[in-house]
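Novice: Listed below are the residues making up each chain.
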Amino acid sequence: MLGMTIQRRLFFGFLLGPVALIIIGWVAYSCIQTMVDLRVQRNHTFAVLDGLTAVMVDALNAETGQRGYTLTGDAAYLAPFEAGEASLDEDITRALDLTADDTTRHEDILRLKAVLQQKSTELRRVIDIRKTQGLAPALAAVNSGQGKTYMDTARDIIRSIRGYETKKLGELTNTSNQVTRFTFNVILFGTIAAFLAVSIGGFLIARSITRPIAGTVQSLASTATEILAGTSQQASSMREQSTAVAETVTTVDEVLQTASQAAERAKTVADSAMQAVDVGATGRQSVMNTLTMMEEVKEQTASIAETILSLSERAQTIGEIIAAVNEITERSNLLALNAAIEASRAGEHGRGFSVVASEIKSLADQSKKATAQVRQILGDIQKSTNRAVLVTEQGTKSVHIAMNAANEAGETISSLVDTVDAAARAATQIAASASQQATGMSQIHQAMTHINEASNQNLAATRQSEQAAQDLHTLGTRLKAMIVGG
Amino acid sequence: MTATGGNGDDLAYWANAMKRLSRASEATQIAMEPSGALADRIFAERAMALAAPIRDTADEARLELIAFELGRQKIAIENRYIHAVIPLAEPAAVPGTPDLLAGVINFRGGILPVFRLERILGAGEIERSSTIVLGEHRPEFAFFAGAVEDVSTVGAASLRDVAWQGGGDAPAALGLTDSGLNILDGRALLSDPRFFIGRQGRPS
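Residue numbers (the numbering used here), protein chains in the order written: chain Z, 1 to 486; chain D, 1 to 204.
In case anyone wonders, no lab produced these hints; they're calculated from the structure. Any given hint could be a false lead.
Unchecked claim - With a straight-line cut-off of 25 Å between C-alpha atoms, the simulated PhoX-like cross-links for lysine-lysine are:
1. Lys368(Z) - Lys74(D)
2. Lys397(Z) - Lys383(Z)
3. Lys148(Z) - Lys113(Z)
4. Lys167(Z) - Lys113(Z)
5. Lys383(Z) - Lys19(D)
6. Lys74(D) - Lys369(Z)
7. Lys131(Z) - Lys148(Z)
8. Lys397(Z) - Lys298(Z)
Stated by the list, open to error - Selected chain D positions facing chain Z (in silico; Cβ < 7 Å):
9. Glu64
10. Asn79
11. Ile82
12. Ala84
13. Val85
14. Asp150
15. Val151
Only a predicted model underlies this, so the values are computations on that prediction, with no experimental measurement involved. Ideal Cβ positions, reconstructed from N, Cα and C, are used throughout, including at glycine.
One chain only, chain D, in its complex shape (with noise of 0.2 Å):
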């Protein structure tokens, strides 16, 4: 409040936020209700996005790939082997069960172990934003991750063959995008062993 040099500059400064508030408000009317002008360009951008065509790489062996957060890391993993991403649930504990398994979770009527990924990966604490389902044909177990990026394609000979850049004991590694992104084998995921928990709850 600086409206305390006398009168004049009382008048000055209330006329001043006078206005800031008639502008605040007409922007807000204009951000509720665009007008027509603003509406038909919103319209001729988006429709502009959707008309541009899909670029044809059938000819090119290219990956889809969903990556996510694991900690300080940064991983992808084959869409096809991803079978769905859930939001974060809280697992129930299994008594007797390596500290690998965090515990299991209800998902879609069955019940699903989740892991600590992190603790193979070597990735340490991880802020949990995610659950990923792994599976090529049905769910075989979830891990924790943290945020989960878009469904993204790289070339398959674009990838440098290089081994696992990460910490910790990885089951295997696809290579390594441009942008530095590791790229972990699913099948090897889904078939590793630890991932598997017996009747005395060891691994089968």
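Extracted from the complex, chain Z is given alone in its bound form (with noise of 0.2 Å):
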């Protein structure tokens, strides 16, 4: 059973009744066939026995107006002599017919026929006897006994063969009840066992296609559940998607026309870095230019150090002549005071002297003077060298610094020259690259609209297969009902 399909446990859960009727619809065929049987066999056996009644009437009726007429003489009683003769041959022949089958009684029919012919021939006799003799002759022949000697063994043949039918029918009588009961009994509890049989196996069948029905329409309900979340979120992502695949549409329309515009743009780029080319040559020979003046500046003041050295050599030289000035006003102070002590001892006389004395102090003292005022000039003019000589030290540095930025800024506008020579190229294959951009992003503007066109025909089979997860999942549900109930 659990190897079998459903459609074999349905089919033998069909034919299980279909069985269990004919099964019983046969017995019970054969069995009412076979009561049919009896039916036919007990009427015949009537039919044997209302021959014998028959015949036996016809004999008594033949006798019977034999009789009547033999006391009264009277023709009229011969009417159920004449009926009786008439319808005894019929009879017999009936009886032989009906007795064909066996030949026992149809042999006895055959002798009942002889005695009731020899009867009917004694009779006959009698009454023309009465006829022709009158009422004693008649009497003496009936008298004879012949009559009643036919008549008895009639009776005896009729007894017997009756004997015989009524036992047989006594038999086909109880046979029939026991096929009747029978039948009775195999239709009642043949019915009932029937009943049983295909409730019970209805149940099983049933049982066992609703179990593991009801497990899978469990399952189908859970998985179309899951079928109408995922197609939900199926179609709720294909919306998105559309969404998002309408604004990448947009967006590669922007991006078209800005991928246009690059490439003009990096034309006019590729323009403007060949012009820069261009300039940075000129810049680099500037450069050039610039580090050889420069160089001159350099080796200027290179010169106006050295110059400015010996001017500060030539200063200390002024010095020492200072010093020397200095030491001759000293000593002329000196000897101008000593003038004037010797002048102011001499009295009088040396009073001329005095004055001489005091007009050399005088020089001697504006010499002083005027020593130490070349010498402060000196000294600033020898701190004004020290700066000049400093400032001049950090000019050569400030040009040497100027030199190497000069370098510097040469070698980087030889590179900044080689990196837009190199930008140019780029911005050229950039423009090249713009163009086959654009021409790309129109490609795939086109392939985005199919998207789009494909995303909503996505969209909408996704909304049908949302539909049919949710016709799916409340057929699941209605099945599920259906077979668990609920």
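Put the two chains together into one complex, using the hints given.
Specialist: Dropping the structure here:
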């Protein structure tokens, strides 16, 4: 059972009832057929008995009419005799036909026919005697007992046949009753048994079908729920995808425009880069000129420094001269002072010399002041010279730094020129790439449009799938309710 | 250097520098070789100064002084007691002599003691720039001094007879001038026994 398909199970389930009905019907049919046969046989027996009765009645009527005529002589009493004689052959023939299947009874009927023919002959003879000879002879003929012998033999034969037929009828009746009870039992208990078998079989088949189907339906319902959720999510995703694709199409449009603009700008950049290459070459030449001029400035600065150093050395010489002058002044001052002392010591004679000494001292003091001023100025000059040397040194360093910077600028410009040259080539390639990109973006735009259409179609299909999943879910729920209830 | 503002600024800066250099050269040239008018003016001023009449002060007692710096003090001594003023000389130390004696120097072929006058006058450390030789008729001793001024005269009557205003143990003072100049007594200074060194190196 477990290995059979549901179709086979249902087939055998539905086949179980008809088989039971066929069995019961066949048994009942057989029983009824038997009962019909028994009924035919009983009818046949009844017909035989009726035929025997009719034969006996004919015999009795013929005997009764013969006796009435004999006694009365009235021909009217011959009517029963005539009627009996008239139907006796027919009844005998019918009895022979009815017993054709039974040799013993057929032979008994033949013997009865012969007896009754002899009885009929006896009766006719008596009647003739009555007609012709009157009553007494007729009575004497009757009293001979021949007729009675025939009649008794006929009665014995009929009694024998009737006994046999009656016994047979009883057997047929018993058999018929048994068959009837059997048929009743078959119908009753067979129906009950078939009902029980069909019910149990149907229950088992239904259970063997509904259990896996219920599980399958449960799984189907779960799967349908999951499919519904999946299709709903898919539908949502498809809507989002459709929206995203639409946005992407818009973006692609913008990018397409941007790519076109980028191509134009890249071309402009390429042209500008080529101009920049020319400008860079000019700049590199300018830097080289600057370096040359800076070299000259460096040499001139060195010359200035040398000149200033020479000035400083000359100033140092002046300082030495001033020191000598100052020494001379000091000594002149002392000499003047001593002259004044000596003049004072000389008294009145030294007064004029005192004036000269005082004048000499005054000159010495002025000279001292002048040398002091010159020394201060020389100190200032020395400071300025030192500052100038420092500034010149700083200028030299600045020139050196400037030359380094110019060198770096030259290298930078060279590198920039190379870079700009590379950028110009790259910009040209970018322009070509941007053009190709614009073409590609156009193709992408068409592809995205197709994708958008396909996405919309997919969205519609997904909605249909969602509806189908919903229907499937409903169907699963309904099927589950149909199978397991609830 | 401010000539960094551009080409125009550079030109202006260097034009100004050239003008300044030209003016300095001209001034130097003028100072080195004064023109005729300037030389005439200088000579006229000098002649006027030399032609000034000498004021007769014979009827007035006057003192001829030589002022000099001695540390924080400014002191004057009569001219007649100062034999000479010589450049600063490095004395040769004499062992076994008091600390007042700085040493001896060669003065015009003779040995002359040099004292630290500031020790007596309490002048502290002084800046030595000259050596003053004392002596009325012959050099007696010398001492270190700072800057020495010219010979000046003051009226004897104008001196204020006040005690020695400086510190230390001064021999004697003649007075104080109107300008606040302390005048040492040269005679007393020359006769001060502290400036005489005996055989054992002690003042005699």
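Novice: Does each hint hold? Answer for all of them.
Specialist: Hint check results:
1. Of the pairs offered as hints, the one joining Lys368(Z) and Lys74(D) holds, with about 21 Å between alpha carbons and a cut-off of 25 Å not exceeded.
2. Between Lys397(Z) and Lys383(Z) the alpha-carbon distance is near 20 Å, which keeps this suggested pair within the 25 Å criterion.
3. Using a Cα cut-off of 25 Å, the hinted pair Lys148(Z) and Lys113(Z) holds, with the two alpha carbons roughly 16 Å apart.
4. At most 25 Å may separate the alpha-carbon atoms for a hinted pair to count; Lys167(Z) and Lys113(Z) meet this at roughly 23 Å.
5. Annotation: proposed proximity of Lys383(Z) to Lys19(D) holds, straight-line Cα distance about 22 Å (limit 25 Å).
6. Under the criterion of a C-alpha separation no larger than 25 Å, the hint pairing Lys74(D) with Lys369(Z) is consistent with the structure, at around 21 Å.
7. For the hint linking Lys131(Z) to Lys148(Z), the alpha-carbon distance of about 20 Å falls within 25 Å, and the restraint holds.
8. At most 25 Å may separate the alpha-carbon atoms for a hinted pair to count; Lys397(Z) and Lys298(Z) meet this at roughly 9 Å.
9. Satisfaction of the interface hint for Glu64(D) is found here, the shortest Cβ-Cβ separation to chain Z being roughly 5 Å, below the 7 Å cut-off.
10. Checking Asn79(D) against chain Z by beta carbon gives a least distance of about 5 Å; that is within 7 Å, so the hint holds.
11. For Ile82(D), the suggested interface contact is upheld, since its CB lies about 6 Å from the closest CB of chain Z, less than 7 Å.
12. For Ala84(D), the interface hint holds, the least distance from its beta-carbon to any beta-carbon of chain Z being 5 Å, beneath 7 Å.
13. Checking Val85(D) against chain Z by beta carbon gives a least distance of about 5 Å; that is within 7 Å, so the hint holds.
14. A least Cβ separation of about 5 Å between Asp150(D) and chain Z falls short of the 7 Å threshold, and the interface hint therefore holds.
15. Proximity of Val151(D) to chain Z holds as hinted, the smallest CB-CB distance being about 4 Å (cut-off 7 Å).
In summary, this structure violates none of the numbered hints.
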